[in-house]
Amino acid sequence: MESAPLYWRLKRQKYNLIGTRCVTCGESFFPPRSFCPTCRRRGRIEEFQFSGKGEITSYTIIKSAPKGFEQFAPYTVAIIKLDEGALISGQVVQGTPATIGGRVVPVFRKMYEEGKEGIIHYGIKWQVDGTAAEK
Amino acid sequence: MDIGIVGYGAYVPHYRIAVEEIARVWGEDPAQIKEGLGVLEKSVPDKDEDTITIAVEAGKNALLRAGVDPKLVMALYIGSESHPYAVKPSGTVVGEALGLGPHLMVADLEFACKAGTAAIQCCYGLVKGGVIPYGMAIGADTSQGRPGDALEYTASAGGAAFLIGKDPLALLEHTLSYTTDTSDFWRREGADYPSHGARFTGKPAYFSHVTSATQLLLERTGYKPGDFAHAVFHMPNGKFPVNAALGMGFARQQIEQGLVVRRIGNTYSGSSLLGLTNVLDIALPGDRILLTSYGSGAGADAFVFQVTDHVLDRRDRAPLTEEYMARKEYIDYGKYARLRGKLKV
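These protein sequence lines map, in sequence, to chains A and B.
Numbers 164 to 298, taken from our numbering, label the letters of the first sequence in order.
Numbers 207 to 551, taken from our numbering, label the letters of the second sequence in order.
It is worth saying that the hints were derived from the structure and are not from the lab.
Check the hints yourself; a few may be wrong.
[What the hints assert, rightly or not] For lysine-lysine, the following DSS-like pairs were computed, each having C-alpha atoms within a straight-line distance of at most 30 Å:
(1) A:LYS177 <-> B:LYS541
(2) B:LYS550 <-> B:LYS334
(3) A:LYS273 <-> B:LYS550
Everything numeric in this text was worked out from a predicted model, so none of it was measured.
Looking at chain A on its own, in the form it has when it is part of the complex:
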């Protein structure tokens, strides 16, 4: 479980998929990097918002969920190649099942709750394209 300050620091990444991009070579990074491993000193890093749209490269179905996620099991976790280049892992929500190569769009969902009295964590999950939220 994350603490309130850590959740607060990561909220822009988690809510809006704000990563970074190297202006010199065009490579995008999520989670954000402050240094381009290719361009090194010649690299210039700027903030970059990913659209969240992408393609499933691999997925698995979690039936034995870790602590805090038990209530959501079974759920699908996928590795998604975002259209802007970065690879990201995330949950695929109920609806059309995940397939390798399937297009996905981002949706805003609850990630987990810190018990009955703690913070509720929100963030981006993915929905297989072809349903109402694809536009």
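Mind docking chain B on chain A? Use the hints.
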């Protein structure tokens, strides 16, 4: 000054439970319930959906339609009776997720099923007064009915968002409210489920307030029921809005498009507003729309909108309400009980 709805967005979760399935568990006659309530099925939120996530999805659609820079949206009011936190506004999360702020007025509103229309009135006043360029009003809920209660057939989940500002796709011509102390439905702090006055929720509550607000608005504006292409009245079930409309002289075809309750149930703060988004999805420039919400406790907000040419180019920028209503997966009562936290483990 031309102020009204610049963009709008709907969201309805994809699970449905049919009246037959709930009636089967409680040994009731589904035909009688469908006839009595005028509802066939209702939407059910997934485990990871709540008022905040529904508000974000509806809000995203409203911003897409409006095509407005989110930083120009300087107020966010969310009406709901199922805000996830008792203390910490839903608007803080929703605003951040939509890319609004931090120069942003935020407050969560609560007025049973009409808090979303109250939010529209707040935004309209601020824009008209020149305080802010745009304000977003959202009505969203994941409402609960006590197991076995009549409410269980209708209490559902969904929401709608409206960006209020200049250059609208639907001009807000006039609005007023009618409010009294009438305890027809309530939920005390910390209680899991609401209580209601059964038959008392009808005549002295819903019908009295909806009719009084609507008739007062017609008097003030000089319009007659026949002047409206569409009329939407709050939908606690499929019967009340029909009876209220017909009683005031509206025709069935005027209310048909807004009657989303039959297919998704009563989405509480989203109820009349999802009726409005479904109307805006097909409305033509020049159409006049009447909207009257109702919130137990009790009050009603009435509005007159006139659709402008902008509806034609903005409508298709985001999913239509019909797309959300048509996208569905039926679940049984067991899964419904699990999703709604009715099982104690």
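Consistency of the hints with the structure:
{"no.": "1", "hint": "A:LYS177 <-> B:LYS541", "result": "holds, 29 Å"}
{"no.": "2", "hint": "B:LYS550 <-> B:LYS334", "result": "violated, 49 Å"}
{"no.": "3", "hint": "A:LYS273 <-> B:LYS550", "result": "holds, 20 Å"}
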